[in-house]
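A.B. asks: Chain by chain, the residues:
2 protein chains.
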Amino acid sequence: MRGDYVTISDPIVLPGKATQPSKKGGKLASMKTDKYSKPALILAYVLSLASAAYGQAPALNDAVPVQLNLMPAPFSVETQTGRLAINSSFKVAVRGYADDRLRAGIARMLTRLAGRTVLTLPADLAADESAATLVVQCERPGEVIPSLDENESYNLEITDKQARLVAPTVVGGLRGLETFLQLLQGDRDGYYLAGIRIKDQPRFPWRGLLIDVGRHYEPMEVLKRNLDAMAAVKLNVLHWHLTEDQGFRVESKKFPKLHTLGSDGLFYTQDEVREIIAYARDRGIRVMPEFDIPGHSTSWLVSYPELGSAPGPYKIERGAGIFEPALDPTREQTYKFLDSFLGEMASLFPDAYMHIGGDENEGKQWDRNPQIQAFMKEKGIKDNHALQAYFNQRVLKILQKHHKKMIGWEEILHPDLPKDAVIHSWRGPASLAEAAKRGYNGILSAGYYIDLIFPASQHYLADPIPRDTTLTPEEAKHILGGEATMWGEWVSPETIDSRIWPRTAAIAERLWSPRNVTDISDMYRRLSVISRQLEELGLTHEKNYGMLLRRLAATENTIPLRTLASIIEPVKEYHRYQMRPQTMLSPLTGLVDAARPDSETARQFVSDVDAFLSDAPRFALNRPNLERTLAEWQNASRALGPMVDRSPALQEARPLVNNLSAIAEAGLEATSYLTAGSAATTQWRDTQLARLNEAAKPNAALEFVVITSVRKLVIAAAELPQLRSTTPVEWNNRVTTMASPPPPATKP
Amino acid sequence: MRGDYVTISDPIVLPGKATQPSKKGGKLASMKTDKYSKPALILAYVLSLASAAYGQAPALNDAVPVQLNLMPAPFSVETQTGRLAINSSFKVAVRGYADDRLRAGIARMLTRLAGRTVLTLPADLAADESAATLVVQCERPGEVIPSLDENESYNLEITDKQARLVAPTVVGGLRGLETFLQLLQGDRDGYYLAGIRIKDQPRFPWRGLLIDVGRHYEPMEVLKRNLDAMAAVKLNVLHWHLTEDQGFRVESKKFPKLHTLGSDGLFYTQDEVREIIAYARDRGIRVMPEFDIPGHSTSWLVSYPELGSAPGPYKIERGAGIFEPALDPTREQTYKFLDSFLGEMASLFPDAYMHIGGDENEGKQWDRNPQIQAFMKEKGIKDNHALQAYFNQRVLKILQKHHKKMIGWEEILHPDLPKDAVIHSWRGPASLAEAAKRGYNGILSAGYYIDLIFPASQHYLADPIPRDTTLTPEEAKHILGGEATMWGEWVSPETIDSRIWPRTAAIAERLWSPRNVTDISDMYRRLSVISRQLEELGLTHEKNYGMLLRRLAATENTIPLRTLASIIEPVKEYHRYQMRPQTMLSPLTGLVDAARPDSETARQFVSDVDAFLSDAPRFALNRPNLERTLAEWQNASRALGPMVDRSPALQEARPLVNNLSAIAEAGLEATSYLTAGSAATTQWRDTQLARLNEAAKPNAALEFVVITSVRKLVIAAAELPQLRSTTPVEWNNRVTTMASPPPPATKP
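Chains Y and H supply the protein sequences, listed in that same order.
Under this note's numbering, the first sequence has 1021 at position 394, and the numbering climbs by one with no breaks.
Under this note's numbering, the second sequence has 1116 at position 489, and the numbering climbs by one with no breaks.
Bound conformation, chain Y alone:
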């Protein structure tokens, strides 16, 4: 046996970064600007084993080191020799405790294994353990209602003869089955799993994905396929944001006007809710509902204006932003209503927690309502924050009566807040730590706002308990985990998957894997593999890209449009709405909807340019790649003109087409200067930089993400003479410094 055993636990961590919250219309998120920052420590984490490569290496050879494609990375991995062949005689045996949930999980694994290998696999379990390729051994069922107490750990060992998955609970077994599928490799001799020993368990017990179905309704199949994807990356909480100003999405049998008048007919029946809860439980996933109050409640007030803090009438909100309507916290009727409604929901949703939102209520209706003002005076409530605290206390009592624990956005934090409430932080780990010190449990979403269109690398480095935490180990236990938040302003059933995936897999790794697993380039390598595997589950993040581009191009040959779309990204934060206002009834079929966050092509280009410049003064490394790419941009910009002429839906993209041409030209000319070793004039440089600055401005709520690298090329071409009097490394640093920081591309 060769291979070494590495246990990854706490001591090795990355340098943290101070985060600056910035408020943008809706929610905030901490933002880190070093998009491609490298971790200080390249870990000796055992994701490189010795054997044949799967899916990445250019050729096969036993001497080529293999790279495992596990995501999230397990707690510990020990490599072993051996190769377990996967062929059509593959069989699973179950030992110890087994139930329908485990058998269904095994059946799903078999379907995916068969789909990926194109092997007809036996549908039945092996009667005899010795005849099985995989033995699954669980001790007990796990929690009846998925909860924070769930034991999700498992051990998985692969030898020449058999794979053995051992877990205390069925949920741990399900987690291990996902790892098993990720271990599948192939070469000339067929499919196999390489010898390995994995011990795995999550770092945090709360690993969630919020899906906002209030702003845009998402059909059942969207939720189901996203639950499948969550299970694939070991997330365990669906935070179902069910009510918003723009829609009330759950059937209430006690107050049917809520969903009939508040949803445009787009709501989940209680049967459907139960179907989702069962589907999630089958995958070891909790379903926590959110009923956002007292703000974000316009859709409630459409049918019950008497609960509002202003007389109404109210209409379903169609815009994006923060709106004034809020429940009236001073009237007993409000609490009577909430007691009845939340009681109904408490019976419907078995999860121990109920999220009451509590965010972004600016209290404008309260300020203008004389009764509310009188109430505050009478009770000695000094401001709106205190009034909301009063409201929260009342709601907390209602939830306690219905045996639910309260969780809310961090606005609910207030000296009077009881200690069993959970704080959901959108401001950052610092405020979460503050709450923890005061004894509150909390989860982090700051840094995981996937609707802000930041790259996975940025979310990946946001840690609920950063390296520089001042929390004691005891206090740190209050940090339960985190949640990625898919706010729903600009997602449709066609586009939501591409906003959630694959980036959320990187967040899932942050919440499951040891803190020191932070190698960004290895994360991206694995993310690309996992992204393809997610397609097996019906996810559309990849395939709808081509579809949306075909629709826009109104022609079959979308190659030029794909070329453009591959190096632009939707503007970050909440600038999209400012630059390109739409309503909740607008189609989400524009180029900004087709374009995706975190361009892989751009990442490749950035790395190609860096390698090319590092090869000074030869400038041969990656030159053909670079020239081909730049020429492709130039060709695309030429072909796009006539395409835009024919497709009015693309006309907003015309400036992007012109800028693509300028970018390509600047890059090609610079490359030509560099490879010829003839310096560009400063006049040429300044002209090009001016054009690049222009091109860096967003258009159609889209921005190029390759500008800095092209700036580098342009500056380098003019800096050629300096190369004679310095080392290439120093010269490169100089060029890099001159080329950055880029112009503020996201500002409209």
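It should be emphasised that the hints constitute simulated quantities derived from the structure, not laboratory data.
Any given hint might turn out to be false.
[What the hints assert, rightly or not] Partial pick of chain H residues on the chain Y-facing surface, computed with a CB cut under 10 Å: (1) Gly709; (2) Ile713; (3) Thr738; (4) Gln812; (5) Ser1155; (6) Ser1158; (7) Gly1173; (8) Thr1216; (9) Pro1224; (10) Ala1238.
Fair warning: this is a prediction, and the values are worked out from it, not measured in the lab.
We put the CB at the ideal spot given by N, CA and C, even for glycine.
Once you've looked at the hints, dock chain H against the given chain Y.
C.D. replies: Same frame as chain Y, now just chain H:
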């Protein structure tokens, strides 16, 4: 006003072709071998108007003639001047009769219009007709239960000022809304509809799509999106093939063991059936169920073996083919059961017709059962065909009792068959005509067997009443229409759309449009546009292609695999199963499942080669295209080697990769001889032809569809000297003759 008015009716028709039925395992289909045969008459059908081009022309110019993208082509089209702008103030007004069905249809049209144009359109109907862009005017609701009596006609007029859709029924209105959407064009000035006057009505009242959910279950969303697609091309019958040897897919409350034991849990609840019926009705589509008896009934006998003609026990069939189990037609218990079950189904399905299958019962169980033999002797029933006729008569009485008309596959035709039974022909128009002469109504499916993987062109020319029909006009009225048949042996929810679409749109045109609309190249031009529009409805025929290839390639760069897949097609007829046996439990994720019928790339190559050779002796026309394509094949074959090494699922494709290399090399060398004007030796030619013959053999149930054209190039290269002594046209004919017929590529 410019433009001419052309009414297309019966007299202009195409030369027919004798069809040869050939039995292949399951169903039969008439086959025509002239894949790219041209119609004898190029019709003066007004699909070419004067104005700007949409989606096809390389540049825009008012002088370029526009080509309309209507499919199915309307009964008559009159062009007008004028341009109706489509912008964000687009509004629809309703005049005359309106109901929820019409309003829902308008809402769906608006959603698609918005999605395609990226315009935020007003959701409400215009109160004032004069403010509306489109006025929809219906007289009455149409049939309560969609039926053969439905009036589906409509008139649509577009002027500068307004679009006006007038129809006697809401269903005609729905048909017109689809035409309206197909008329959308775009140019630099935005979206618009060109002035036009359309009068439209179907040629046949029965235009169906059979979906076999027995062999493979298809989830609700698959049925729904296919109903949407059917509506888009004006099909009006979903023939729901609900029971098969391999699965009993409908809930029976009277006999619940039927679906619980016979379906692997994959069946439609009665609520779901009602949901599909309502969904279809909303789109003016009938839902006709099929319960295939007495054969094809293994799944029934799993729970009721006592109804079988052999003792059992029975298991759900997993194979493909014709199986022996058949109901026992001699026992009263069988009819009692059918009376009860079909009675239940008659209440569930409101359609006037019920399909009882009746096909492919070979009677082997009957032959071996002494009681059945004794019964036949006693009753004077002389053979199995007569016994089945007896059975059919009994079933007919049961259906009559439950107020249903019987329809069955043409095996049910028998002297004793009552005249109100409908004959469903899979043998061809001749047998249908024969039935019509005997006074039976009938529909055609021979020629529309889309599971046989033939090109759309072939289905397109199959006519229920061919030009050479001997039917009198009175007799011809018995021909009600036809149905495309999606038999389910080798389709999964991931692949079924690509087997149905876009080819079924060509069949829809055959059944709706005048008989003389038969220009194949114009059909393909429009089919390509319609295919993209079908994606708006969630259809996956295009987007799952890339997904399946990504999964197989196990890498992101699927370009070489796409290149290969673009010129191979699954083997035709029922050879797939012979060449590559699988069961109903096998994954349908192989290269044969990714590859699609009717390769557009191959069609383009065939036409490029023909143009190139027609340019003898210059050989300049299309030369760059041809060389680029052939070089791409060569590059792909090189890149595919390592890809296949890494992906065992692709290893069955290794011979295809080698053959791709041979094809590319032969083509490139031949092109090089031709353009250099230097003749190839006969030895070279024979070597190449031998390699091409080898390459023409199917592998992995896939075959190249460009071989004949490469043969042409090779032969032409060797025939160069003959060019001096003959005209280029004669020379070309000679080369073409020598190159064809191709070797029998589909024979294993």
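A.B. asks: For the hint on Gly709 of chain H, does the least C-beta distance to chain Y fall short of 10 Å?
C.D. replies: With a minimum Cβ separation of about 18 Å from chain Y (threshold 10 Å), the hint on Gly709 of chain H is violated.
A.B. asks: Let's test the interface hint: is any C-beta of chain Y closer than 10 Å to that of Gly1173 of chain H?
C.D. replies: holds, 6 Å
A.B. asks: With a cut-off of 10 Å on the beta carbons, see whether Pro1224 of chain H makes it to chain Y.
C.D. replies: violated, 17 Å
A.B. asks: Would the hint on Ser1155 of chain H be counted as holding, given a Cβ-Cβ threshold of 10 Å to chain Y?
C.D. replies: holds, 6 Å
A.B. asks: Would the stated hint for Ala1238 of chain H survive a check requiring a Cβ distance to chain Y of less than 10 Å?
C.D. replies: At 19 Å from the nearest chain Y Cβ, Ala1238 of chain H fails the 10 Å test, so the hint is violated.
A.B. asks: Does Ser1158 of chain H meet its interface restraint, that is, does its C-beta lie within less than 10 Å of any C-beta in chain Y?
C.D. replies: OK, holds: Ser1158 of chain H within 10 Å of chain Y, min 8 Å.
A.B. asks: Could you check if Thr1216 of chain H really has its C-beta closer than 10 Å to a C-beta on chain Y?
C.D. replies: The hint holds - Thr1216 of chain H has a Cβ within 10 Å of chain Y, the shortest such distance being about 5 Å.
A.B. asks: Identify whether the interface hint at Thr738 of chain H stands, where standing means a beta carbon of chain Y within less than 10 Å of its own.
C.D. replies: holds, 8 Å
A.B. asks: Is the interface hint for Ile713 of chain H satisfied, with its Cβ closer than 10 Å to some Cβ of chain Y?
C.D. replies: This hint holds: Ile713 of chain H lies near chain Y, its Cβ roughly 9 Å from the closest one there, short of 10 Å.
A.B. asks: Hint validation: Gln812 of chain H versus chain Y, beta carbon distance must be below 10 Å. Holds or violated?
C.D. replies: Constraint on Gln812 of chain H satisfied, holds at 9 Å.
Consistency with the previously given hints fails for numbers 1, 9 and 10, ordered from lowest to highest.
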